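Trainee: Okay, here's what each chain looks like letter by letter:
There are 2 protein chains.
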Amino acid sequence: MPTLQFQLQHTDSATKARAGRITTDHGTIETPIFMPVGTVGSVKSLTIAQLNADVKAQIILGNTYHLYLRPGTEVLEAAGGLHRFNGWQGPILTDSGGYQVFSLSGSRKITEEGVVFQSHIDGSKHLFTPESVMDIQRSIGADIVMAFDECPPYPSDYAYAKKSMELTHRWLERCKQRFAQTPDRYGYTQNLFPIVQGGTHKDLRIASSQYIAEAGLTGCAIGGLSVGEPEDMLYEFTGLCCEHLPVQKPRYLMGVGTPWNMLECIALGIDMFDCVMPTRNGRNAMLFTSEGVINIDNKKWEKDFSPIDAGIGCETSAYYSKAYLRHLMKAGEITGLTIASIQNLAFYLWLMKEARQHILQGDFASWKQAILPQIIRRC
Amino acid sequence: MPTLQFQLQHTDSATKARAGRITTDHGTIETPIFMPVGTVGSVKSLTIAQLNADVKAQIILGNTYHLYLRPGTEVLEAAGGLHRFNGWQGPILTDSGGYQVFSLSGSRKITEEGVVFQSHIDGSKHLFTPESVMDIQRSIGADIVMAFDECPPYPSDYAYAKKSMELTHRWLERCKQRFAQTPDRYGYTQNLFPIVQGGTHKDLRIASSQYIAEAGLTGCAIGGLSVGEPEDMLYEFTGLCCEHLPVQKPRYLMGVGTPWNMLECIALGIDMFDCVMPTRNGRNAMLFTSEGVINIDNKKWEKDFSPIDAGIGCETSAYYSKAYLRHLMKAGEITGLTIASIQNLAFYLWLMKEARQHILQGDFASWKQAILPQIIRRC
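Protein sequences appear in the order of chains A and B.
Under the working numbering, the residues of the first sequence are numbered 143 to 521, in order.
Under the working numbering, the residues of the second sequence are numbered 143 to 521, in order.
Okay, chain A solo, but in the shape it has when bound (with noise of 0.2 Å):
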């Protein structure tokens, strides 16, 4: 089977936003777009169906750390791989491993080798490697594979940050091997992407941009941004990456974001997305609307009877009240968890999509200047 396709569609004339299309073996997607967190699998508190009907997602993500620990490689390749376990039709990606390792291990040593790190469920020492996470992403049968990366803290300094940058390309190296060593798991194309590190230096962010632009793989990620950074911050390097990235391939910005986080980023000329965000913050009662910022708690919803929103073509979203919902809310019930998590996610893929129409159609600039305000707003 062919490898990942990307075609750029349209590239916007006032700012560098593009729309394209990326094919795999489980379907097409559209970009821009942003790609659901499936943390062990499933995206929390959704069901396959409503991230189909509801969500509109077209690619989600697994991470490799949670799957590796839970339910374990094992599991995965007796089912045939995590499409086949999570009932997931379209394509997957899924994370290295390493930002896990670092954000959510209790004690975790950075050597040539790997990481070894103690899982944050039993404490039990485990060993990753550029190798091994090569070989527990093709057992999970990702369709996108992330090379093993160390993500520096936010701020590292200059040393820190040249050093992490040269392992991680020295990581990159033996991912490549190893992955042309192994063949696709199940039957269809599985394809690496590497990733830009180098902290918040441009030399370095230049320097590591320009080697995995030379690293010939079918996509690109930017790794180590949005990690505390301020927000001027994150465009510029953002958009220091994208310049040296190669037009034609997939710009992925790992970890990102807020929606005017990503309308900025679409703006610099990325093209896919994913974050925790709207499923975590949906949870903790704070939704994405079309018509601004809400928290669902808040007593003035109380008697609220109008849509939770109605502008995202999302039925869900259109059938509740946000009086019922923060009710749901505030009794404790896991179906305002689902409900809130279906409005940020059905959110986020529908300004992905209008942010994609409005670059088809060569008013992207306005359109975003327009939108910002109003998504960003507090109701």
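Hints in this document: simulated from the structure, not taken from any laboratory.
This one's a predicted model, so the numbers in the text were calculated from it and none came from an experiment.
Treat identical chains as interchangeable: a pair holds within one or across any two.
Pairs of lysine-lysine residues, derived as DSS-like cross-links and limited to a Cα-Cα distance of at most 30 Å, are as follows:
no., residue 1, residue 2
1, 472, 198
2, 442, 267
3, 158, 344
Since the structure of chain A is already known, use the hints to place chain B on it.
Mentor: Just chain B now, with coordinates in the frame of chain A:
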């Protein structure tokens, strides 16, 4: 609009099982029927879309005690009743709040006037009287409103059970009076059901059944069973009550039960059931399936990729594997709670539909004998 109608379609010749049809202003219910419990307005962890498409619910239950405390009648009235608030378009039955007051409230005091109780949420004091409970259920907008009763614990001695039953009967007169004096709230007919009490004392149960039979209302309920008494006592007293209740009115056995309890009670002449068991046990990893009872936490399901239950006509239960549901439950994923609840409720509704079909085609008794060991067994 007309009051609730009950059409008795067929009575089994070998047992006392009945197939019927209840017509309300919110639609028709085919009996025997199980009513999923929507505690605070939502059936726990499910959306209305899932209740319709997966569970195929025909009527749901709301808890007066919970809805009174949260969101409260002011919000429900402003919404235009519970149907508009929660989006459920079929019939709704509300209990009287009596049972919750006795089982959930920290402290409560029963007098002739009613029950003073403390909220389990904030400890605040409240008074339920037969009159106030009619008013609350009017405000909720239930299609079927339950009389206010005292549910004595098991065991209760004769003197207490008699005193309690007489209080319930006096309260019924006050309920009837208040109900007759107050109009339907939202443009459709609301119907009052009285409740048989009498503990586990035969003459009291007979007397109470006769009293309730003479109340001249559109249906009859049996309360105070499935509160800890042995199973054969549940059947004995259910059968006894049915013998003394009118043939032409639907009979609702409150709070029952397990799938096998329901089949036996259908054979005794019961038409309607409710119970929190399918959702509560589902959330605790206990699944009722057409092939038996499953503890989905069990290691034996780790690599069992067969459908959760392909035999009950539920898409979700046929879509996901036992291994995947086990993984979700082990990982504490909300999606697992939803899928388990769907399975159990869909199984309950399927079982009622099957029972009904076999009553109509005349082989209920032999079908029941054949299916009982199948659904009781532990897989």
